[in-house]
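Line order of the protein sequences matches chains A and B. Quick note: the first sequence uses the numbering used here, first residue 83, plus one each step. Quick note: the second sequence uses the numbering used here, first residue 1404, plus one each step.
None of these hints come from the bench; they were simulated from the model. Don't be surprised by glycine CBs; every beta carbon is placed ideally from N, CA and C. Be aware that a few hints might be false.
[What the hints assert, rightly or not] No farther apart than 30 Å at their CA atoms in a straight line, the calculated lysine-lysine pairs in the DSS-like style are these:
no., chain 1, residue 1, chain 2, residue 2
1, B, 1437, A, 151
2, A, 449, A, 151
3, B, 1406, A, 133
4, A, 477, A, 182
5, B, 1409, A, 244
[Stated by the list, open to error] Output of the computed footprint for chain A on chain B, the stretches with three or more beta carbons under 8 Å from beta carbons of chain A:
no., segment
6, 1416-1423
7, 1484-1496
8, 1520-1527
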Amino acid sequence: MNTQTLYDKLWNSHLVRTEADGTSLIYIDRHLVHEVTSPQAFEGMRMAHRKPWRVGSILAVPDHNVPTKNLAAGITDPISRLQVETLDANCAELGITEFKMGDIRQGVVHVMGPEQGATLPGMTVVCGDSHTSTHGAFGALAHGIGTSEVEHVMATQCLVAKKSKTMLVKVDGKLGHGVTSKDIALEVIGMIGTAGGTGYAIEFGGDTIRGLSMEGRMTLCNMAIEAGARAGMVAADEVTFEYIKGRPFAPQASQWDAAVTYWRTLHSDAGAKFDTTITLDAAKIKPQVTWGTSPEMVLPVDGIVPDPAKMADPVKRSDTERALQYMGLKANTPITEIKIDKVFIGSCTNGRIEDMRAAAAVAKGGKVAASVMLAMVVPGSGLVKAQAEKEGLDKIFIAAGFEWRDPGCSMCLAMNDDRLSSGERCASTSNRNFEGRQGQGGRTHLVSPAMAAAAALAGHFVDVSKQ
Amino acid sequence: MQKFEKFSGLVAPLDRANVDTDAIIPKQFLKSIKRSGFGPYAFDEWRYLDHGEPGMDCSTRPLNKDFVLNQARYQGAQVLLARENFGCGSSREHAPWALDDYGFRVVIAPSFADIFFNNCFKNGMLPIKLAADKVDELFKAVEAKNGFALAVDLVQQTLTTPDGVVYKFEVDEFRKHCLLNGLDDIGLTLQHKADISSFETKHRASQPWLFA
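Chain B on its own, in the form it takes in the complex:
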């Protein structure tokens, strides 16, 4: 996994609550057996005017000009700003894969659905929870200034606006450590192999029917 380093990224505002993972990546693209290549189909039903199918060349598809990510000023955005309960619904990890492949490294929202939130960290992405009024301020700031970028510093746990306004955010110590060092969860867990084995031995003795 790539290490999460300090960067400054253009912010794109997606002003909707309850953005579900079906919207982030529609079901027809879940037929892929790969982890990559989902970016062109991110938000497919909102982004294009035609019906998308896997394998389509998206460069020739008609764009929905009304969809915010299609606006010229948000091209190259690396930070997605959204409303409550982002990533609700299906557990599909294809959702963070699609956002990552599109170019987003950070999603900021007042709240996230649990599974999506978790899936982001497994892919080197940082979901940031900020209070709803702070998110509201950011929506206004992004709207007001072309090229609005945020400096994201995971070590300091800060977001800094072009005007120098600093927003602090919270993150689990363990998740922060993994992101900063690009650590693979499985490798870390297997360091505790002996603990798992000894637990399993006891568990088998007390509930043998689970191991039949």
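Pulled out of the complex, with its shape left as it was, chain A reads as follows:
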């Protein structure tokens, strides 16, 4: 019998044509657009007198440049402002649906899309942003593209692609107390490295994954790109359907049953062959903390900073030395002794309601340590913010000394005013700890929301699984 992986099914159901060398045209169902990677694409279309193939497939939102406080004052940086205004003008001209600044539906593009029901099982989803892998959590084929491809998809509704290899990351068992899908993601990246998934589409499976909420699955797929994989995915199931039902862009009642019937087929067949399979025991995963300048430089919270002197491989040794120097860390320091200056809770990785709840549960009744200069919580969208406020989470954060901000990408990449100063050390729920990512000279440690909140209260990393 011809068994297929989920990736095979998604690929085959969108294949428009294939050339002799395997180069294919893949039909794209959903195109998400933000202000940073789209202006040159719109300009290219205009220069070539082209119009979007299917305007209804496009959904736009500004997120990278958006301020997270004093929203009413607008964007003060004129270059940032022009970029957002350019998106507004392009969308208005072409009739593209956009959730502008100030709209409660505005937020980080990868939070907004699923929240609106604009990401559905069986879809192909693209966006000029590497974290588009997030949407694979719905049993969709979703990946980030460059600006030339943004223009290509707008003009042709297709992407030129070659089929990826497939990797199954199978996680079974029960996650320990305080251990989240962020920790699974970092554990996997630590195992296979940031290039381990290059050339692959990763499917996350196993009973641990089945037990994750949609928010948890999105966090996991979001980080697939940090393992080098353009696409991460999870098979659609009842959890998926329940999440989607009733959302604005979800199928209407008359089409719902037909849609769900189809969506139930969106899983890898029993016995389907993957090019690579990795298995993890969930019970053995501990809360993770990155110590270096690449997401693969990660350790369990009870670990100690590695010692380059003990490394045989010269490339690895010099990378470690460079990372420790940039991070201002000494070899053999216990992770729990690393003191932090700032805390950032938010981003397309961990800016959803469940993340807010997890951080608030830790923050409740506590106080941000006096040594911590700033602890900020940035909800992923206006709707996440409203929901959190309805649950009183904002009050918990504010009482504990956190700042409660407006939605946007914020200090994940520091394109707006939220950034680290040189030498500042941050516990961050974002996705990249690259040099300068959160501000030139800034030092990032990637953690889960609970770990970030706990670090804010203690002033250093602590093991939330022991609390």
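Keeping the supplied structure of chain A fixed, place chain B upon it in accordance with the hints.
Leaving out everything else, chain B in the frame of chain A:
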């Protein structure tokens, strides 16, 4: 898009693994709504001692003398030699735009991140994967000889050193064809307009909710 023709170019060695696109072009420069002018800000945080902002006149900024691209012997380099997983991280096409604008036409590394690799071809640049030991040989050769240049021949898929050592490299037929002829992807795809339309009609019939 410009056609990719045979050339001989000075090689600059960037001896780091996992060079990410945030390092190639930091976020503050992504606020531009143009495709050009990123070259002076390529590797900004490594290249200059001060903090760069869009619109700065880079000719007066203090250079980091320790950064390899600032060394006199690598001025005018057109080929960048790097280590594993070059171009990882963000999908920003500003990274190849910055390298291109700086003057690089070719990047050689043992491996590349997928999105960056793809983005290069869309801009007439050629990323070349060579085995790690070959890349290592090239690093040593570049270090040993001032003015080390490589002859890049895409038709033959070869790199030739000044001493006549030839390295073969692989490239997708379709991508090679597009580079050599300077072809615009969109124009090519639109030749298959009828195929796209007929696919779309079937797709709409089977999953109408996608078109609501």
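Under 8 Å between beta-carbons, do enough residues of the segment 1416-1423 of chain B, three at least, approach chain A for the coverage claim to hold?
n = 4 at 8 Å, threshold three: holds.
Do the alpha carbons of residue 449 of chain A and residue 151 of chain A lie within 30 Å of each other, as the hint requires?
holds, 22 Å
So if I understand the rule, the pair passes when the alpha-carbon distance is 30 Å or less; does residue 1409 of chain B with residue 244 of chain A pass?
Roughly 27 Å between the alpha carbons, so the hint for residue 1409 of chain B and residue 244 of chain A holds.
Establish whether the coverage given for the segment 1520-1527 of chain B by chain A is satisfied; the threshold is a Cβ-Cβ distance below 8 Å, and no fewer than three residues must meet it.
With 4 residues in contact (Cβ-Cβ under 8 Å with chain A), the coverage given for the segment 1520-1527 of chain B holds.
Sort out whether residue 151 of chain A lies within 30 Å of residue 1437 of chain B, counting only the CA atoms.
holds, 28 Å
Given the hint that residue 477 of chain A pairs with residue 182 of chain A, does the C-alpha gap stay at or below 30 Å?
With Cα atoms ~27 Å apart, residue 477 of chain A and residue 182 of chain A stay inside 30 Å; holds.
30 Å Cα cutoff - pair residue 1406 of chain B, residue 133 of chain A
holds, 26 Å
For the segment 1484-1496 of chain B, do at least 3 residues have a Cβ located nearer than 8 Å to some Cβ of chain A?
holds (count 9)
Violated hints: none; the structure is consistent with every hint.
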